[in-house]
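Trainee: Residue numbers (the numbering used here): 1153 to 1737.
If you're looking for bench data, these hints aren't it; they were derived computationally from the structure. Honestly, I wouldn't trust all of these hints.
What the hints assert, rightly or not - Keeping only pairs whose Cα atoms sit at most 30 Å apart, straight-line, the calculated DSS-like set for lysine-lysine is:
| hint | residue 1 | residue 2 |
| --- | --- | --- |
| 1 | 1293 | 1406 |
| 2 | 1605 | 1726 |
| 3 | 1587 | 1696 |
As the list claims (entries may be wrong) - Computed spacing ranges between beta-carbons, pair by pair:
| hint | residue 1 | residue 2 | range |
| --- | --- | --- | --- |
| 4 | 1571 | 1526 | 37 to 43 Å |
| 5 | 1623 | 1320 | 19 to 25 Å |
| 6 | 1550 | 1291 | 55 to 61 Å |
| 7 | 1525 | 1447 | 17 to 23 Å |
| 8 | 1591 | 1457 | 29 to 35 Å |
| 9 | 1243 | 1282 | 39 to 45 Å |
| 10 | 1666 | 1434 | 36 to 42 Å |
| 11 | 1475 | 1304 | 49 to 55 Å |
| 12 | 1702 | 1434 | 34 to 40 Å |
Even glycine gets a Cβ: it sits at the ideal position worked out from N, Cα and C.
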Amino acid sequence: MEVQRLFDLPAYQAERYPRDNAFCRRVNDQWVHFSSEEMVSQIHRFSRGLIAMGIRPGENIALLCPNRPEWNIIDLAIMQVGAVCVPIYPTLSDREYQYVFNHAEIRLAIVGNEELYHRLSGMSIDTLKDIFCIEKITGIKHWEEIAEQGANVQQAEVEKRMAAIDSETLATIIYTSGTTGVPKGVMLCHRNIVSNIQAVIQLLPITHEHRVMSFLPMSHIFERMVVYTYMHLGCAVYYEEDLDRLMLSIQEVKPHFFATVPRLLEKIYENMLARGYEMSGPVRKLYFWAMNVGLRFQVDTNQGWRYAWRLAIARRLVFRRWQKAMGGELIAIVTGAVALPPKLCKIFSAAGIAVREGYGQTESAPVISFNRFEPGGTLEGTVGVPIPGVEVKIAADGEICVRGPNVMLGYYKDPEATREVIDAEGWLQTGDVGKIVKGRFIKLTDRIKELFKTSGGKYIAPQPIENRFRDSLYIDQIMVVGADQKFAAALISPAFEPLREWMIQRGIQPEDNAAMIRNLAVKELYQGICNEYNTEFSQIEKIKKFELVPDTWSSESGELTPTQKLKRRVLLEKYRSEIDHLYHI
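Let's have the full structure, built from the sequences with the hints guiding it.
Mentor: Quick look at the structure:
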């Protein structure tokens, strides 16, 4: 059979690559497996239940749940009865929930746990008729009750609904993170996402023989499309809902591949550095020698026999521990959402784990480009080559424009906003600034809306500065400021664990975060970091002043989007007094 609609995937896998462990999740410290056939059966069963409940084609159903096989069962069952799946981040604020549910006119919501159930129950949402929970909670409707309602519905009714759906039918509405203004509902049809899957499967170094892990939120199109791709390839998918257990699960599952965001790789890198700091004498010296060898690694480059000899020693004596920590069988990792610090690409690749950065947007379903795994297909500092079937051009003002079968249908209930980003020839204006390097690699330089002008009339692109400064072990997040001011400055959220280790090594007793950032030695450390990185930027781009903040920024606390992008407006408001202090306002 041919995959033309997303709900064709389970049957395709069951026919082409049937397996007992198609989808797996941890339950009470044991891995529970769903076979390919079980998944197909469960999806149809849930579809029959939706029909029995009176769900009509075109109605919007919200799904708020961590990664688990049930997510895919519900998602695909919704789509194959012609309804529209609206995945929503569990970490959104009540205000954002209220907006999205009312804007999308959600008819039915399926949530992962009791907390989400009670949050939604307390809101005023006119169209919401029912809420079901995936966890079994006394007094709360369980999601299995939906399937049970379909006991008297014939499968022929499901097949009839499926037959009426083609590749152009709206499959999902995904609300963007909303770094500025209110979220927009991105409408994606089956063709948008299926075309992306079919392009990407040609380029990944995995097959039906491999195990993969899923832990990024599937409410974001990146991980959702990646899991669909795993289904098409016939991989065994292991879900981890709790990031605190992720490294343990990786060691148990021994995956061959996964997708992630750079922050996870940064944490692994920091943990490996912390291990080195715990060592002493010659062992410690050898460990950091190997780390320095790794940081000089260049992907797809012959660095000579001397470097190859040193790398072989480093891998044998040190980096094999990295491999073991990652399960021992990991082939490759793909990252997205935010820029990958070059040091992470270097050090993991030196350790024998190929890390490749990609680029995309919700509006492009999502992949536009990524660095390849074959020789000659990677260029450090870029987001790779456009995937097959996708055209890319650079507009006169430097904006990256994209055209292809992956470009969205438009924004839900917002034709004006749609016309602003998709022109008459079908080109999607991404809002990203970039250039083409070596004839085919895309290099991102900034977001058009994030460029700001100093009081002297000079434009500053903050992202390249922020990305470079985040290379520092001691910087978790940084935001460059300076709109309408004489110079660029920065708010810095330190990486507090490495900073504590640095203080202990120097005989300074670390206290709480607020006390740490007031320490003179700590301030001198960050001044030295600024002095070092400032040499790489023009005079107007140099960070003249900085303020350390005691907070760790996250999506949960509201400073970052779920995809780890800075919410600049939120940060500008939260740290208004600190910014004023930088400029003595």
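Trainee: Would you mind marking each hint as holding or not holding in the structure?
Mentor: How the hints compare with the structure:
1. 1293 to 1406: Violated, at roughly 36 Å.
2. 1605 to 1726: holds, 21 Å
3. 1587 to 1696: holds, 28 Å
4. 1571 to 1526: 37 to 43 Å: Cβ of residue 1571 to Cβ of residue 1526: about 39 Å, so the range 37 to 43 Å holds.
5. 1623 to 1320: 19 to 25 Å: violated, 44 Å
6. 1550 to 1291: 55 to 61 Å: holds, 56 Å
7. 1525 to 1447: 17 to 23 Å: holds, 21 Å
8. 1591 to 1457: 29 to 35 Å: Between residue 1591 and residue 1457, where Cβ atoms are some 30 Å apart, the hint holds.
9. 1243 to 1282: 39 to 45 Å: For residue 1282 against residue 1243, whose Cβ atoms are near 23 Å apart, the range 39 to 45 Å is violated.
10. 1666 to 1434: 36 to 42 Å: For residue 1434 against residue 1666, whose Cβ atoms are near 39 Å apart, the range 36 to 42 Å holds.
11. 1475 to 1304: 49 to 55 Å: Distance hint for residue 1475, residue 1304 holds at roughly 54 Å.
12. 1702 to 1434: 34 to 40 Å: holds, 38 Å
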